[in-house]
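S.K.: Protein chains in written order, with the working numbering: chain A, 1115 to 1505; chain D, 61 to 302.
FYI, nobody ran anything at the bench for these hints, they're computed from the structure.
Just so you know, not all the hints are guaranteed correct.
[Unchecked claim] Okay, the calculated bits of chain A under chain D, using three or more residues with CB under 8 Å as the criterion:
| id | stretch |
| --- | --- |
| 1 | 1409–1423 |
| 2 | 1493–1504 |
[Stated by the list, open to error] Going by beta-carbon spacing under 10 Å, a handful of chain A positions derived as facing chain D:
| id | residue |
| --- | --- |
| 3 | L1118 |
| 4 | H1120 |
| 5 | R1125 |
| 6 | L1133 |
| 7 | T1134 |
| 8 | T1138 |
| 9 | R1352 |
| 10 | H1426 |
| 11 | L1430 |
| 12 | S1431 |
No residue lacks a Cβ here, since even glycine has one placed at the ideal position from N, Cα and C.
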Amino acid sequence: MTRLLHRLLGRLPIGWLQLTHNRTRLVAAMAGVAFANILVFVQLGMLGALQGTIGATYSLVQADILISSSDANTLTDGSPLTRRVMFQALAEPGVAAAAPLYLGQTDWTRPDGSTATLTVYGLPPEAESFAGPAVGSGFRQLAVADRVLLDLRTRGVDPESLADVSPDHPLRFEANGVALTAVDTVELGGGFSADGAMVTSDQTFLRLFGQRLAGTPTHILVRVAEGQDPTLVAAGLREALDDAPVLVRTLEEAASADLAYQTTQRPVGVIFGMGVLIGMLVGLVIVYQVLATDVADHLREYATFKAMGYPHRFFLSLVFEEALILAVLGFLPGVMLSLGIYAAMAAKTGLPVDMTALRAAAVFAGTILACALSGAIATQRLRGADPAELF
Amino acid sequence: MLAPIEVRHLDHWFGAGEARKQAIFDVSLSIEPGSLTILMGPSGSGKTTLLTLMGCLREVQGGSVQLLGEELRGASAACQVALRRRLGFIFQAHNLHESLTARQNVLMGLEVHGRGDRGRQDAAAEHILQLLGLGHRVDYLPENLSGGQKQRVAIARALVSNPEVVFADEPTAALDREAGLQVVRMLKALGRERGTTTVMVTHDNRILELADRIITLEDGRVVTDSAEAHQPAELLPRSASG
Ligand SMILES: Nc1ncnc2c1ncn2[C@@H]1O[C@H](COP(=O)(O)OP(=O)(O)O)[C@@H](O)[C@H]1O
Ligand SMILES: [Mg+2]
Chain A
1115 MTRLLHRLLG RLPIGWLQLT HNRTRLVAAM AGVAFANILV FVQLGMLGAL QGTIGATYSL
1175 VQADILISSS DANTLTDGSP LTRRVMFQAL AEPGVAAAAP LYLGQTDWTR PDGSTATLTV
1235 YGLPPEAESF AGPAVGSGFR QLAVADRVLL DLRTRGVDPE SLADVSPDHP LRFEANGVAL
1295 TAVDTVELGG GFSADGAMVT SDQTFLRLFG QRLAGTPTHI LVRVAEGQDP TLVAAGLREA
1355 LDDAPVLVRT LEEAASADLA YQTTQRPVGV IFGMGVLIGM LVGLVIVYQV LATDVADHLR
1415 EYATFKAMGY PHRFFLSLVF EEALILAVLG FLPGVMLSLG IYAAMAAKTG LPVDMTALRA
1475 AAVFAGTILA CALSGAIATQ RLRGADPAEL F
Chain D
61 MLAPIEVRHL DHWFGAGEAR KQAIFDVSLS IEPGSLTILM GPSGSGKTTL LTLMGCLREV
121 QGGSVQLLGE ELRGASAACQ VALRRRLGFI FQAHNLHESL TARQNVLMGL EVHGRGDRGR
181 QDAAAEHILQ LLGLGHRVDY LPENLSGGQK QRVAIARALV SNPEVVFADE PTAALDREAG
241 LQVVRMLKAL GRERGTTTVM VTHDNRILEL ADRIITLEDG RVVTDSAEAH QPAELLPRSA
301 SG
């Protein structure tokens, strides 16, 4: 290894020799870097879970454009619209179809007797083309009143217990005082504001939520005609609906605005975002501490090298060498342990906490950057000083 | 031939404000090329300070030092780096890198001049360690060497790249009589063969007879100088500057 690095660097690999000379210190430094990595991974995992679950709420529908009340910040929190908006939209050129989407939340008693909160999606049975890929063929069963699709991945429910729900094995239960029959399942999973989802027809939805009037959906889903650009059609709709208090956005725009809102305006998102920042900061401090201590402990040797005529960039390359080695040696256990923590978090919360290659690469690059930056700062003390002052 | 070291009215202070204290007072010296000069004087008389000022390891505050034709006062970082590569410094403490073997420590003295033939550099390092009686210890870490052996590695590191000027601060303190003499004879031989100039701080009376010149410091002033032995230092005319 020393020989290889010697050839690679064109000089003695002093960083490597220095790090491996003191094994206890190396292990402590690796643990420090690994800990910093874990800190950032855990925070990113939670932020990623929040983002993932926000994105997932949109996967139960399929549309080009979403018309929502102007106070709608997320998929579920807008005031009801009037159906008139839908008929106005249908009259616009470029619009092929439109459907009302009703959203609400209800309590559901799990098979084990505990209570879960479900987001209820109500969609007219004839609007099958607006049901998202996550809904599946069960949607056709909903034309019959009081039939619903239950979320197989509802938090706190063993998926096995719902796996055989079908028209032949219906699951009967009661919600909001209405007797319902689950005839199939969808796969969504819990998020931060609900434990799972339930899909019904608009009529069943209105029976469940007696106070909601038939003409007041939460959103209008719009499909544009073949070959039309949703962005352009949305612009036209915005103009046509200019006097109504509505937002007209493509589904992607709505989803990313929702994501931005929940991650930057809502306490949960802000806390996770701050967590990532603080994790990075604490990580930087740990890494800096490790490298600064190492430089301080070798000040006499470095002063000697400086006295021999080594320029400042030699010391920079030396700490970069150390930084890189520490980044690699700390990252490996860091990412391993994080995978374990992710699995534990996912099991405990039912949230989609999982490692992505992009996240791992970003944290690795960040670690190298933090190490290099810390190293550069740590060597500042050497730069101006006379060698004789450092002995 | 130009003197490798010219010191003119050199003053030096430590500390700032109230604590500011002068350590070197109006020192002027001219060192002959190829000579072995010994600096003597009681502890705290300013020997190390003077040596590090002449050796480009400390910023010159007052007066001037010309080293190998370059003025050190206000010298740029690049100029300092270039000059230091032409010097060999042997410190009071050995200052070896604990993670490097004897050979690797010596290699540091060669690699400072840039990438070279690895095999040749290895051989040169080993050769000089052999000359200093460490042929059987080339791959030892400092922690496995005795004090005298470590000091000899430090000497090898300073000499391996044939420096033009060698500065040595009590290099023989950790060596026994024979080894100490051997090192000084080697430095002297270098002076004869390659014209290497050596300035050495020592208390070691055994070495004095090998010196070309002996300078004694007291409280930061030159009090005796064998080059001007016919004239007591105290009676030399003092410059008004400084
Ligand atoms: N870094 C320093 N800071 C403050 N005073 C110093 C420093 N180095 C040396 N001195 C002072 O300068 C004087 C000369 O010191 P030094 O050159 O080390 O003497 P010597 O090497 O002859 O023993 C002493 O009084 C010492 O206390
Ligand atoms: Mg001294």
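S.K.: Determine for every hint whether it applies to the structure shown.
M.R.: Comparing the hints with the structure gives:
1. Only residues whose C-beta sits within less than 8 Å of a C-beta in chain D count toward coverage, and the stretch 1409–1423 of chain A has 10 of them, enough to reach three; the restraint holds.
2. Remark: the stretch 1493–1504 of chain A is confirmed as covered by chain D, as 4 of its residues place a Cβ nearer than 8 Å to a Cβ of that chain, reaching the required three.
3. The closest approach between the C-beta of A:L1118 and any C-beta of chain D is roughly 13 Å, which is over the 10 Å cut-off, so the hint fails.
4. Residue-level restraint check for A:H1120 holds (minimum Cβ-Cβ distance to chain D is 8 Å; threshold 10 Å).
5. Interface hint at A:R1125: satisfied, since its Cβ lies 5 Å from the closest Cβ of chain D, which is below the 10 Å cut-off.
6. Look at A:L1133: its Cβ gets to within about 8 Å of chain D, closer than 10 Å, so that hint holds up.
7. This hint holds: A:T1134 has a C-beta 8 Å from the nearest C-beta of chain D, less than the 10 Å allowed.
8. The interface hint given for A:T1138 is violated, since its Cβ lies 14 Å from the closest Cβ of chain D, which is over the 10 Å cut-off.
9. Because the smallest distance between the Cβ of A:R1352 and any Cβ of chain D comes to about 63 Å, over 10 Å, the interface hint for this residue is violated.
10. About 8 Å separates the beta-carbon of A:H1426 from the nearest beta-carbon of chain D, less than 10 Å, and the hint is met.
11. For the restraint placing A:L1430 at the interface with chain D, the shortest Cβ-Cβ distance is roughly 14 Å, beyond the 10 Å limit, so the hint is violated.
12. About 12 Å separates the beta-carbon of A:S1431 from the nearest beta-carbon of chain D, more than 10 Å, and the hint is not met.
Hints 3, 8, 9, 11, 12 from the list above are not met by this structure, while the remaining hints are.
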